[in-house]
Every structure is written in structure tokens, then in C-alpha cells.
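Below are the chains, spelled out letter by letter.
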Amino acid sequence: MTVLTRSPYPAQYRLRKSLRRALDYLVMILLAAFFLFPIIFMLVSSIKNNETQVMSDMSSLYAFVPRGDVGLKNYFDVFAAMPFGHFLFNSVFIVGLTVGGGLVVNSLIAYALARLRFRGRSLVLGVVVALIIIPFEAVAVPLLLVVNRFGWLDSYHVQIIPFIADAFSIFLFYQFFISIPKDLEEAALIDGASLFQIYRTIILPLSRPVFATVAILQFLTHWGDFLWPLMVTRGEEFRPLPVAMQQFFSMDPKMWGDIMAFAAMITLPVLILFLLFQKWFVQSVATSGVKG
Amino acid sequence: MTEMTEFSPPARTLSRRQSEARMAWLFSAPALFLLVVFLIIPFIMAFWFSFTDQRLVPNLNLPTQFVGLRNFVRLAQDETFRRAIFNNFYFVLIVVPLQTSLALLLALLINQKIKGVNLFRAAYFSPVVVTMVVVSVIWTFLYNPGEGMINQFIHTLSLGRLGPYDWLESTTLAFPSIMLLSIWQGVGFQMVIYLAGLQDIPEQLYEAAQIDGANNVQQFFYVTLPQLRNTTIFVVLATTILAFKLFTQVWVMQGPSGHPQGSTMTTIVYVVSKGFKQGKIGYASAMTVVFFLIVLAVSMLQRTFLQEERAVD
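One line per chain: the protein sequences are A and B, in this order.
Heads up, the numbering used here is the position in the first sequence plus 56, with the first residue counted as 1.
Heads up, the numbering used here is the position in the second sequence plus 9, with the first residue counted as 1.
In short, the hints are calculated from the structure, not lab data.
No residue lacks a Cβ here, since even glycine has one placed at the ideal position from N, Cα and C.
Keep in mind that the hints are not guaranteed to be accurate.
Between beta-carbon pairs, the in silico distance windows are [what the hints assert, rightly or not]: (1) S306(A) / T73(B): 30 to 36 Å; (2) Q287(B) / I236(A): 30 to 36 Å; (3) W57(B) / I246(A): 47 to 53 Å.
Make a model of the complete structure from these sequences and hints.
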């Protein structure tokens with residue numbers, strides 16, 4: 057910067073710089089349009105009460121303008137056609153318990169691996185790290201057979217229990233815990249605190265960032281889970297939102313206004329959460345890139 | 010009590026060691042148990058089943074038999090499977106370079122110290138929080154044949170010369186259409202990883218390059234890109250693995266048979282069709298094994314490249 061202000065042609069330079077900036081903004085705005093237009097299209101279509109208008113507007117810029125008969129009719133249609141509230145409850149319940157249970161179980165083993173001395177520690181750590189590369193898709197089919205034999209099909213627990221323990225979450229916790237200085241824990245040990253007390257009163261309060269990271273990453277993964285619930289839920293009782301969305305989508309005749317209302321109701325809560333906690337979301341995703 | 014233990018140091022350390030080990034196993038037990046039952050055992054079963062004719066619903070008249078390599082021999086001759094594997098590689102070939110360079114471009118743009126950058130970052134990232142089923146539904150509407158928005162857009166841009174296309178019904182266009190929405194949804198994630206990589210580059214490197222008279226383009230090629238080497242390896246290989254997992258978009262938009270005429274079939278879609286829809290666990294497991302070996306090879310590639318880097322350092 058300081059080097060550049062000594063330029064012999066300050067006026068010309070400034071002009072070039074502001075032109076460049078304008079070009080940057082133009083590119084950034086065009087890209088923003090590319091990433092936002094489908095979402096805006098979904099939201100705007102969902103509040104157009106008249107299905108013929110949704111269809112006739114879709115081929116022009118009117119697709120992005122809430123015009124004509126605007127209201128929440130499509131949303132009421134969704135509730136009339138399907139127990140949407142129940143699907144929403146299923147998704148929140150399943151994802152909540154999976155993420156919550158995962159925070160406890162995965163952080164506990166990571167704490168043991170990071171801090172406690174026991175025989176087999178490095179073996180367990182090695183196995184956990186190796187397990188990270190096994191994708192769920194590689195075990196889905198035999199797992200289906202296992203839960204079928206357990207008699208678990210069509211239940212909440214079949215969608216929760218297999219996903220609580222997660223090797224990558226353990227790894228993220230482990231990495232964070234080994235970076236915490238040991239002094240505090242040593243002082244607490246001398247004071248006679250138990251290991252669980254140390255975990256609860258020292259490690260937990262210091263580790264809020266990694267808990268947030270793991271919670272956000274796991275939430276993003278499981279909120280959209282489709283393959284597994286598709287295989288293990290038959291009826292509506294235990295069906296989560298993504299499978300319900302697909303079923304609603306495949307019904308004929310397609311009422312696009314209603315479909316978009318359904319889609320908007322799945323998307324809006326997460327979108328709002330993201331906008332409120334943008335910094336946390338971005339930080340979590342950035343952290344997921346450190347493995348390797 | 011403390012006085013007692015102080016007088017017998019050896020016993021104290023021993024018992025403390027033991028209790029520490031006991032606590033460690035107690036803390037580890039829940040996660041280890043779940044990982045063994047729901048990940049390690051099914052994983053081993055996949056290998057075992059791939060050599061049998063295991064079915065989802067057992068048939069008492071036809072007990073499960075060991076069939077040797079029969080499943081793999083059939084796979085090699087299975088047109089649909091070959092198409093599925095081909096499609097996954099096709100997807101990698103197109104999507105990985107496009108998505109990686111777009112992610113880098115986005116990261117470079119929002120890494121500038123200019124006003125409103127956070128808004129743009131939010132805009133680029135927001136598709137990541139839209140669930141893939143929803144993404145598939147919205148884009149099916151956008152790809153509407155005839156008067157659909159994308160057709161209209163291309164029609165207008167080409168001054169009426171191009172279109173309309175029947176995106177999801179054409180054997181040549183359907184799979185690229187799925188590629189486009191996959192990039193749209195996924196690129197924000199990689200952008201953030203690149204952004205973290207960019208922010209890790211020491212400012213002094215750029216200052217040194219400027220003193221040497223390097224312009225912006227030269228700085229990008231001689232400072233930024235080499236410094237992002239590890240990030241790029243990570244992004245490329247993570248995207249490759251994601252490409253091999255391709256499932257939801259195809260299933261929602263084109264169904265279990267990879268409509269039209271199997272042109273959008275992928276490995277995992279075929280695994281689920283065979284294993285879940287038809288109950289052929291043995292055959293599906295053989296595909297799973299092939300799928301896993303590919304993912305493993307990609308991960309090994311990543312390790313090798315990264316280790317090379319460390320050796321150079």
C-alpha cells in the first residue's frame with residue numbers, strides 16, 4: 057500500500073483502482089445472484105396463492121416478484137395434505153438426540169485419549185483415525201440387515217443410535233483437548249478432584265468452541281439425511297422431513313406452489329440459524345478442513 | 010487420608026494409575042461400543058457378504074451360500090454397474106476442477122478488505138444449508154421443460170437461438186444438469202476451507218513479492234497458489250470422495266433406475282436399488298466393496314501428497 061502511494065501518477069492510479077473495485081463488485085453481485093436466485097424463487101413461489109400464476113411467472117423475472125394473490129394458502133395446503141408438524145417434530149427429535157448424544161459420547165472418549173494414560177491408548181486412537189475414511193455409504197447395506205435382525209425398522213432409535221458415535225467428531229475433540237494447557241487440571245488433581253469433575257468443570261467450559269463446531273457440522277450432516285431414513289422408515293410415524301419432502305414431491309399432480317411451501321419450511325429454520333450464527337458456521341466448516 | 014497415602018508412595022501411584030486406566034476405559038466405552046456395533050461390524054460384514062448370496066429377507070428354502078467371486082465376476086459384466094462407475098468418474102472429471110476453481114475464486118473475492126464482504130460470504134454459503142432433497146426439488150422446477158426458467162434464461166441470452174431443452178429427459182443433458190446443481194450446493198463449503206487457507210498465508214510473503222516487483226497475477230501464481238497446495242489437495246480429494254457418494258440428487262430427480270435409460274445411474278444409487286429395493290445384499294455388498302476401495306485409494310493419494318509436502322519442508 058505505502059509503496060503504491062508513491063506512484064508517479066496518483067490520479068490515474070486511483071481511477072484504475074476504483075474501476076477495479078467496481079469490477080470486483082459487479083462479479084461478486086453476479087455470483088450472489090447465481091447462488092441466491094433458486095432460494096428466492098422458492099420463497100416467492102411459495103407465497104403465490106394461485107398455482108397458474110406460479111406457472112406463468114416462472115419463465116420471467118416475475119418469478120422473483122411477490123405479485124397477484126399473495127398469502128399463505130400453499131402453507132395451509134401442506135398442513136392439510138400431510139402431518140407436516142409431525143415430520144418436523146421427528147426431524148428435530150432425531151437430529152437433536154443424535155447431535156446431543158454425540159457431543160457427550162464423542163467428547164468423553166476424546167478426553168480419555170487426549171489426557172488419560174492407559175494401555176491400548178494409541179491403538180484406540182489409531183483405530184478412530186482410520187475409521188474416519190469409512191463412508192456411511194460403505195456400511196449402509198449390511199447395517200440395514202443388522203437393524204432388520206434387531207427388529208429396529210420403523211423407529212426413532214434406528215435413526216439415532218447408529219449415528220451418535222462419530223470418528224471425525226472424536227478427532228476434532230481430541231485435537232482441541234490436546235491444545236489445552238495441562239496446568240489447570242494438574243492443580244485440580246492436587247486438590248483431589250475426580251477425573252469426571254475435571255472433565256465437567258475444567259475441560260467443558262474451556263471447550264465451547266469445539267462443542268459448537270462439532271454440533272454445527274453434525275447438525276448440517278444429519279438435518280438433510282435421506283438415504284438411511286429412506287431405507288428404515290416405512291410409514292409416516294417416524295419419517296423425517298427430507299423423506300417426507302421427497303414423497304410429497306413425487307405425488308401427482310404436482311402443485312408447485314405447495315411443493316415450494318414445503319421446501320421453504322424445511323429451509324427457513326436452518327437458513328435463519330445460519331444467518332444468526334454465521335461466524336460460527338463458517339468457523340466450523342473451516343475447521344473441518346484441517347484433517348489429513 | 011492424604012497423610013496415609015503420603016506415607017506409601019508406591020501403592021498410591023499404582024492405584025492411581027489403575028483407576029486412571031479404569032476411568033479411561035469407562036469414558037471410551039460408549040463410543041467404542043457404538044463404533045464397533047454400527048461401523049466396524051457392518052464394515053466387515055460387507056466384505057463377507059460380497060462373497061455370498063445373502064438376501065435381506067432370509068428364504069428358508071434357499072440358505073445363504075458362499076459363492077466365491079461370483080458377485081464380482083457378475084459386476085464386471087453388469088452394464089448398469091459399469092455405467093454407474095463411469096458416471097462417477099465423469100462427475101469427478103467435470104465437477105472437481107470446476108468446483109475447486111470456483112471455490113478458490115469465491116474465496117479470493119471475499120478475502121478482500123472491502124465493504125459488504127460478509128454479505129457476499131453469506132450469499133455464497135447459503136446453498137450449503139439447504140438440504141439436498143430441497144435443492145433437487147427446486148432445480149427440478151428450474152429445469153422445467155419448455156417454459157422453465159433455465160430454458161428461458163438461455164433463450165434470452167442466446168437471442169432466441171438456443172433451446173428449449175428437455176434437461177432431465179435427455180440422456181446427454183440429465184447428468185450434467187445434476188452436476189450443475191451439485192456445484193451450486195457444495196461450492197460454498199470448499200470456499201470457506203479455501204478462505205481459511207488464504208488467511209493462513211503470511212502477509213510478509215506478499216510484501217516480499219511486491220518489493221521484488223511482482224504484479225497481482227504473479228503474486229497469485231508464485232505466492233498464493235503454492236501456499237494453498239495442501240488446501241487444494243484436501244479440497245480436490247474431499248470433493249472426489251463426495252462425488253463417489255453421489256446419491257440423493259439422482260434418487261429424488263431421476264429415481265432408482267437413473268432415468269432416462271440409466272444415464273444418471275451412480276454407484277450408490279445402484280447399491281441402494283439392489284440392496285434395499287431388491288434385497289440382494291450379497292450383490293450390493295460387492296459393489297460397496299468396490300466403492301470403498303476407490304474411496305480408500307483416493308484417501309491414500311491424499312496422504313501420499315501431504316507426506317511428500319512434509320518431507321520437502
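Here's how the hints hold up against the structure:
1. S306(A) / T73(B): 30 to 36 Å: holds (34 Å)
2. Q287(B) / I236(A): 30 to 36 Å: Cβ of Q287(B) to Cβ of I236(A): about 51 Å, so the range 30 to 36 Å is violated.
3. W57(B) / I246(A): 47 to 53 Å: holds (51 Å)
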